[in-house]
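Under our numbering, think of the first position of the sequence shown as 1, with each following residue one higher.
The hints are simulated quantities; they were obtained by calculation from the structure and are not laboratory data. Note that this is a predicted model, so its numbers are computed, not measured. Incorrect hints may have been included.
Stated by the list, open to error - Pairs of lysine-lysine residues, derived as DSS-like cross-links and limited to a Cα-Cα distance of at most 27 Å, are as follows:
| hint | residue 1 | residue 2 |
| --- | --- | --- |
| 1 | K127 | K21 |
| 2 | K56 | K21 |
| 3 | K138 | K191 |
| 4 | K169 | K191 |
| 5 | K21 | K65 |
| 6 | K138 | K127 |
| 7 | K56 | K169 |
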Amino acid sequence: MSVIVVIPTYNEADNIVPLCKALLSLALELEILIVDDASPDGTGELAQELADTECKIRVIHRAEKLGLGTAYTHGLNWALENTNANLIAQMDADFSHDPTSLPSLVEVATRNTIAVGSRYVMGGGIKNWGLGRRFLSKAANLYVRTILSLPIADVTGAFRCWPRCILSKIDLSSVQASGFAVLPEMLFRAKHQGFSITEVPIIFEERRVGQSKLTLGIAVESFSNVWYLRWRKLSRHADLSP
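Generate the whole structure from the sequences, applying the supplied hints.
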């Protein structure tokens, strides 16, 4: 099974090279697509240098910072339109998602189900987070799961692997969120269309270097977006399918 991994980047110069090397060392038929939002720290240039010497790496250079959500949907859509990969994975660039966990997600996704890396199922967990942050994360997941009726323990994690046959049936152009809210929104759309979702335990580790991209504005968008989706679900005229 061929896999392409979509990785959004913004100021990940310290991480992108070792991450790509770690991914390419896996025993997978794998390509990498980096979507860089004009990182001022030179991430895009480093990524391009990698792509110039390694045919399995490709880079999309965006003109400005447009947000994690649009970076993911842009990259996922590009992978559908420009590659023949059987599976399309997504992960963060900061090593919070362990590259060695990718084969487990790939194996599950070959069963025609969306594989979601989960911190909150048996075998999963979190490293280097304090109690306060753990509580907020679990509370946020409970909030989203309850409002959207998603039977998934970890709806806000970005480590996923999509079968092409499923992802191609989700209208990425209609995704509303531009930030982190894209993560539960895409699962909501997949569930609404009747697709299978399977959680795979992962150990999530706080980023090794660099700064978190979460801002107050992103948090507000995430809070409001779930209510928009629920309203769409309850509306008689709602249509979340393509």
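To see whether the hints hold, each was checked on the structure:
no., hint, in the structure
1, K127 - K21, "holds (23 Å)"
2, K56 - K21, "holds (11 Å)"
3, K138 - K191, "holds (21 Å)"
4, K169 - K191, "holds (12 Å)"
5, K21 - K65, "holds (25 Å)"
6, K138 - K127, "holds (14 Å)"
7, K56 - K169, "holds (26 Å)"
Checked against the numbered hints given earlier, this structure breaks none of them.
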